[in-house]
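Letter by letter, the chains look like this.
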Amino acid sequence: MTVLLQIDGVSRYFAGYTALSDVSTAVETGTIHAVIGPNGAGKTTLFNVVSGVLLPSSGQVRFAGVDYTRRKPDRVLAMGIARNFQQVRLFRGLSVLENVMIGRHCRMATGARGLLGLGIFNRAAETQARATAREMLEFVGIGARNERLPGELTLVDQRRLEIARALASDPRLLLLDEPAAGMNPAEVRELTGLIGRIRDRGITILMVEHHMRLVMAAADRITVLSAGRVIADGPPQQVQRDELVIAAYLGKPHAPAHGR
Amino acid sequence: MLLQQLVNGLMLGSTYALVAIGYSLIFGVLRLLHLAHGEVFMVGAFAGLELVVWWHAGPIAALVGGLVGSALIGMLLEFVAFRPIRRRGNSHLAPIVSTIGAGLVIQEVMTKIFGSEQTAFPVHFSQTEYHLAGLTLDATQLFILAISFVAMLALHLFVTRTRYGIAMRATSENLRIAAVLGVNIDQVVLLTFALASGLGGLAGVLVGLNFNAISPYMGVEMGIKGMAVMLIGGLGSIYGAMAGGLILGIAEVLSVAYLSSSLRDGFAFGLMILILLLRPRGLFATGVAVER
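As given, the protein sequences belong to chains A and B, one line each in that order. According to numbering that gives the first Met the number 0, the first sequence is numbered sequentially starting from 0. According to numbering that gives the first Met the number 0, the second sequence is numbered sequentially starting from 0.
None of these hints come from the bench; they were simulated from the model. Please read these numbers as outputs of a predicted model, since none were measured by experiment. Cβ coordinates follow ideal geometry from the N, Cα and C atoms, glycine included. Do not rely on the hints blindly, as some may be mistaken.
With the Cβ distance kept under 10 Å, some of the chain B side facing chain A (calculated, not the full set) [stated by the list, open to error]:
no.	residue
1	G114
2	G181
3	I184
Each pair of labels, with its calculated beta carbon distance range [unchecked claim]:
no.	chain 1	residue 1	chain 2	residue 2	range
4	A	N183	B	T159	56 to 64 Å
5	B	H91	A	Y16	25 to 33 Å
6	A	A123	B	R87	53 to 61 Å
7	B	R87	A	Q59	57 to 65 Å
8	B	R30	A	D169	53 to 61 Å
9	B	H155	A	E137	26 to 34 Å
10	B	L92	A	E151	34 to 42 Å
11	B	P83	A	D21	49 to 57 Å
12	A	V65	B	R30	33 to 41 Å
13	A	D199	B	T159	29 to 37 Å
14	B	R280	A	Q236	53 to 61 Å
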């Protein structure tokens with residue numbers, strides 16, 4: 000197993016508040032890796048660091064061995080890390096298909112070459128971008144709603160649309176921030192299947208999720224955060240039995256200092 | 000007679016629309032006002048004029064010259080008057096000052112080169128008049144109408160059909176998310192300036208063809224009208240700018256025909272105030288994004 004994403008001693012402080020404290024973990028190529036933890040444990044902060052949205056106060060993130068800690072989000076995406084958002088962030092004025100095409104944008108000839116080289120009139124590239132976008136929508140199961148506006152989709156379908164948009168950028172690592180939020184059990188089962196199929200395409204997945212059934216069913220490895228620290232890291236069976244984890248979730252009276 | 004006035008108003012309004020679209024495109028993407036856009040329009044008129052004077056270019060070549068000349072000036076302005084300010088965080092006021100300054104510099108330079116007299120295109124491209132169902136249209140007017148509407152249609156196709164247009168709409172809806180999703184913002188902004196300014200340059204040549212009043216100060220009034228048209232159309236909405244331009248043009252022409260020519264601007268701006276009282280966010284506002 001090779002390590003695709005290495006998170007190395009990452010800390011992040013916000014005006015006296017410690018959101019992440021010396022967090023380290025490794026995401027192995029081709030696995031589904033889950034990050035869990037109580038609210039306020041720092042999961043979303045960690046995601047923002049990994050996707051380049053937030054600069055850590057200290058520590059490093061490496062992708063396939065390359066330190067990319069200081070890269071801007073668009074460079075991180077171009078490198079092969081795509082994400083969705085916990086609060087769905089779609090372009091409301093663009094059609095479903097166009098939203099996915101935006102995800103594809105970073106893989107197309109742009110810059111002066113794309114423009115001056117008559118990239119605007121490059122029908123083949125346009126057609127191909129549309130075809131890829133359609134294929135991704137089909138893949139996540141909302142292929143019939145291409146021309147709608149995102150606002151006309153249910154929240155669940157909007158989440159699927161965000162996943163399609165992320166996939167359109169041909170990522171090697173997909174970051175999913177609470178993909179199951181607001182889903183009913185049937186929809187969660189479907190999502191579990193989808194996440195498995197994404198992995199089968201050779202895409203490594205790092206997800207933050209509260210939904211334990213989904214995490215236990217899908218994840219190969221789980222990192223548990225509590226109050227900004229890693230309190231457990233291992234396969235699901237091992238994490239499930241971990242005293243610290245149970246304490247952090249249930250708030251045992253004699254829980255060690257890591258708990259809240 | 001009324002129909003004739005409406006056609007005249009449509010022609011005048013289509014040039015307002017072209018200028019206002021520029022304001023809308025730039026405001027849509029950057030949420031910033033570009034107060035030198037009137038000067039960009041003026042540079043386009045001069046670029047077209049010079050092509051005709053020195054190389055005896057035809058009307059189409061003059062248009063292309065105006066478009067290219069203005070697009071270049073617009074991109075230059077993005078580099079000197081917008082980009083350095085954006086890099087230092089988002090101040091909404093600084094670009095207002097920097098673009099007013101840039102506009103004055105352009106006016107002064109053009110006055111130095113061409114003098115402050117009003118000039119006109121040396122040749123009338125066509126004196127042919129067409130009579131159609133009681134309407135009198137000369138070839139220049141038809142040309143202006145046709146070019147304006149073709150330009151607006153081309154813009155519509157660009158923003159809806161091409162990936163650059165889609166990226167531009169995404170950026171104008173939410174610049175930060177577009178950046179996170181890998182859209183090259185600097186490139187989109189530069190493209191926006193080129194497009195907005197190019198359309199302004201087209202308008203400059205068209206106005207020059209019809210009114211024979213090319214001067215380094217012609218951009219001042221057009222700049223104010225273009226901005227007002229953007230307001231009545233709805234901030235950042237290119238279709239609002241199109242509709243608003245046509246409404247303003249028709250209102251002006253009707254007020255000259257049926258009221259008094261001295262009331263022209265007063266009537267036009269009064270109508271605008273009325274529209275804004277009834278629809279404070281403009282005719283086409285649904286949020287601040289460029290609409291589909």
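Status of the hints after comparison with the structure:
no.: 1; hint: G114; result: violated (36 Å)
no.: 2; hint: G181; result: holds (3 Å)
no.: 3; hint: I184; result: holds (8 Å)
no.: 4; hint: N183(A) with T159(B): 56 to 64 Å; result: violated (36 Å)
no.: 5; hint: H91(B) with Y16(A): 25 to 33 Å; result: holds (30 Å)
no.: 6; hint: A123(A) with R87(B): 53 to 61 Å; result: violated (41 Å)
no.: 7; hint: R87(B) with Q59(A): 57 to 65 Å; result: violated (28 Å)
no.: 8; hint: R30(B) with D169(A): 53 to 61 Å; result: violated (32 Å)
no.: 9; hint: H155(B) with E137(A): 26 to 34 Å; result: holds (29 Å)
no.: 10; hint: L92(B) with E151(A): 34 to 42 Å; result: holds (39 Å)
no.: 11; hint: P83(B) with D21(A): 49 to 57 Å; result: violated (39 Å)
no.: 12; hint: V65(A) with R30(B): 33 to 41 Å; result: holds (35 Å)
no.: 13; hint: D199(A) with T159(B): 29 to 37 Å; result: holds (35 Å)
no.: 14; hint: R280(B) with Q236(A): 53 to 61 Å; result: holds (57 Å)
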